[in-house]
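Throw the hints in and build the complete structure from the sequences for me.
Residue strings, one per chain:
There are 2 protein chains.
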Amino acid sequence: MEKIIECVPNISEGKNREVIDQVIENLKKTNVKILDVSMDPDHNRSVITFVGNKESVIDGAFAVAESAVKLIDLRHHKGTHPRMGAVDVIPFIPIKNTSMEECIEISKIVGKKIGEELKIPVYLYAESATKEERKSLPNIRKGEFEGFFEKIKDPNWAPDFGPSEVHPTAGVVAVGAREFLIAYNIYLGTKDVSVAEKIAKSIRESSGGLRFIQAKGMFIEEKGMAQVSMNILNYKKAPLYRVFEIVKMEAERYGVPVVESELIGLMPIRAVLESLSFYLRFPKIDENSILETKIFE
Amino acid sequence: MEKIIECVPNISEGKNREVIDQVIENLKKTNVKILDVSMDPDHNRSVITFVGNKESVIDGAFAVAESAVKLIDLRHHKGTHPRMGAVDVIPFIPIKNTSMEECIEISKIVGKKIGEELKIPVYLYAESATKEERKSLPNIRKGEFEGFFEKIKDPNWAPDFGPSEVHPTAGVVAVGAREFLIAYNIYLGTKDVSVAEKIAKSIRESSGGLRFIQAKGMFIEEKGMAQVSMNILNYKKAPLYRVFEIVKMEAERYGVPVVESELIGLMPIRAVLESLSFYLRFPKIDENSILETKIFE
Chain A
51 MEKIIECVPN ISEGKNREVI DQVIENLKKT NVKILDVSMD PDHNRSVITF VGNKESVIDG
111 AFAVAESAVK LIDLRHHKGT HPRMGAVDVI PFIPIKNTSM EECIEISKIV GKKIGEELKI
171 PVYLYAESAT KEERKSLPNI RKGEFEGFFE KIKDPNWAPD FGPSEVHPTA GVVAVGAREF
231 LIAYNIYLGT KDVSVAEKIA KSIRESSGGL RFIQAKGMFI EEKGMAQVSM NILNYKKAPL
291 YRVFEIVKME AERYGVPVVE SELIGLMPIR AVLESLSFYL RFPKIDENSI LETKIFE
Chain B
51 MEKIIECVPN ISEGKNREVI DQVIENLKKT NVKILDVSMD PDHNRSVITF VGNKESVIDG
111 AFAVAESAVK LIDLRHHKGT HPRMGAVDVI PFIPIKNTSM EECIEISKIV GKKIGEELKI
171 PVYLYAESAT KEERKSLPNI RKGEFEGFFE KIKDPNWAPD FGPSEVHPTA GVVAVGAREF
231 LIAYNIYLGT KDVSVAEKIA KSIRESSGGL RFIQAKGMFI EEKGMAQVSM NILNYKKAPL
291 YRVFEIVKME AERYGVPVVE SELIGLMPIR AVLESLSFYL RFPKIDENSI LETKIFE
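Top to bottom, those sequences are chains A and B. Note that the first sequence covers residues 51 to 347 in this note's numbering. Note that the second sequence covers residues 51 to 347 in this note's numbering.
Everything labelled a hint here was simulated from the structure, so no lab data went into it. You may find that some hints are simply not true.
No distinction is drawn between identical chains; accordingly, a pair holds when it is met within one copy or between any pair of copies.
Unchecked claim - Below 30 Å or equal to it, Euclidean Cα-Cα: the simulated DSS-like pairs (lysine-lysine) are: (1) 298 - 286; (2) 65 - 334; (3) 344 - 65; (4) 344 - 286; (5) 334 - 241; (6) 266 - 344; (7) 287 - 128; (8) 53 - 344; (9) 334 - 298; (10) 203 - 287; (11) 241 - 273; (12) 192 - 298; (13) 248 - 287; (14) 344 - 158; (15) 334 - 266; (16) 163 - 192; (17) 78 - 298; (18) 251 - 334; (19) 158 - 286; (20) 83 - 53; (21) 83 - 146; (22) 344 - 273; (23) 120 - 104; (24) 79 - 65; (25) 344 - 287; (26) 344 - 248.
This is the structure in structure tokens:
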């Protein structure tokens, strides 16, 4: 039973294809399987998704960090997405035959190695966090690259690994273990973005809604519709069907129909089965009920 | 891109473990991957599920047929399930990077080989059928092993391959290509089997309901509930959600709630995604949206 761990490093370069190509070339020398590479020029940020066993994701994560530090100079970086490091964040996600505990262990091994060998201050975040206020990535990232030269002097913000000074061109990095994140949007049958904003407010954790949900209202030009744009940080505890049904219920209050769902990136088979179980009332259904899972296991 | 074809031979022995063990041992000499072996003593029948590429499923299907002919003597066979051959039926199902056309071609190769080398009359059925009345397996099987010695003399029932006389101990066999079949049951909140029977009648094709649905009403002692027991012969054209919602709607007419769904065996990921799309209004979602599919592709 092979272990499968996912790693999704975010690096602060989303425009220069050559840089990303070099990062990927270096990553390919390790034993990971690359699932996706998304460059976002507006955010000036790229997200690399790969999987592997314990040893290979450690090698892969370090390889990405090493290339990013060598190739990216944050002093010249501009983009709409907040960032604090050339390699900004490195999450590890348990997928198969592994556990959150093991991913925490991996994040610490990688964090220590990055701190010592690349001379970058490392903050353990999410499930790996050593302090409550480091669980939230936005909380760590507050002040961004430019602000960190001051922030790091605060004893509360002493890094978990690496030097106690910000790397002059590569900043700092967050490394941690977390659950698989599902990026999930719902389009509303209205152009009125204020409806989407009100619904987002009612469903997101930060305004008192569902735990593990981040949400904001947006207008999507291309579709001509308002959208509730969400991150589901824990799909086991905040299942897709519950998010959908609550958004639908809230939308009805404004006389607005829910037009369609949109998934950005991937979701695990368990998230799909959880929602199918709800609608079709399957008391037990899991990966072993799925033909393709049986074929590839 | 490796082709994946599924093959699900049914053989007429469900009590004698030694016979099944020998069949499986012989099957293991081929390059197929065995997913499941289910022995049913009441039916006195076993169902073997395996997958492989074109060459290996041809070898695997022939290996099972060869063992069954050698080890099973239908003259001494009794069971509740109708049967006409030692190896009763051999379906081929397109799973990945293949087509129904290719499975039809495979069924003809295997049928020809079984007819010529094992001296068993072979009937092409389902999508491979050469006549309308051979599409339905129950239609071919009518009269069973004992009746076939007469039936085969009718020019309408001349076999597609092999000798024009029934094999004295192994009978005849149906070989063909078909869609993946989902065995799907719905439990009702009543002990009254007549409600399940009425619902079954309203949903099944043979009584004028949904195409590709076989259904009957049953009482399930173990659960103390009536059940609508179904086969979905084409999950692409008769999706799970539609079957569930129609059964639920019909049940409401009798003031009976739908308690739970039950899957027997496996279902393909596409069947799950089709239903999720309906409930969550995903306009496009497919295997490429699923993490595990991306990992194993």
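Hint check:
no., hint, result
1, 298 - 286, "both (20 Å within a copy, 27 Å between copies)"
2, 65 - 334, "between (46 Å within a copy, 28 Å between copies)"
3, 344 - 65, "between (41 Å within a copy, 26 Å between copies)"
4, 344 - 286, "both (22 Å within a copy, 20 Å between copies)"
5, 334 - 241, "between (40 Å within a copy, 22 Å between copies)"
6, 266 - 344, "between (38 Å within a copy, 29 Å between copies)"
7, 287 - 128, "neither (36 Å within a copy, 51 Å between copies)"
8, 53 - 344, "both (16 Å within a copy, 16 Å between copies)"
9, 334 - 298, "both (26 Å within a copy, 19 Å between copies)"
10, 203 - 287, "neither (37 Å within a copy, 64 Å between copies)"
11, 241 - 273, "within (10 Å within a copy, 50 Å between copies)"
12, 192 - 298, "neither (33 Å within a copy, 52 Å between copies)"
13, 248 - 287, "within (23 Å within a copy, 39 Å between copies)"
14, 344 - 158, "between (33 Å within a copy, 27 Å between copies)"
15, 334 - 266, "between (34 Å within a copy, 23 Å between copies)"
16, 163 - 192, "within (24 Å within a copy, 71 Å between copies)"
17, 78 - 298, "neither (43 Å within a copy, 52 Å between copies)"
18, 251 - 334, "between (33 Å within a copy, 27 Å between copies)"
19, 158 - 286, "within (24 Å within a copy, 47 Å between copies)"
20, 83 - 53, "both (13 Å within a copy, 21 Å between copies)"
21, 83 - 146, "both (14 Å within a copy, 21 Å between copies)"
22, 344 - 273, "between (39 Å within a copy, 28 Å between copies)"
23, 120 - 104, "within (25 Å within a copy, 49 Å between copies)"
24, 79 - 65, "within (23 Å within a copy, 54 Å between copies)"
25, 344 - 287, "both (26 Å within a copy, 24 Å between copies)"
26, 344 - 248, "neither (43 Å within a copy, 35 Å between copies)"
Hint compliance for this structure: hints 7, 10, 12, 17 and 26 are not met, and every other hint is.
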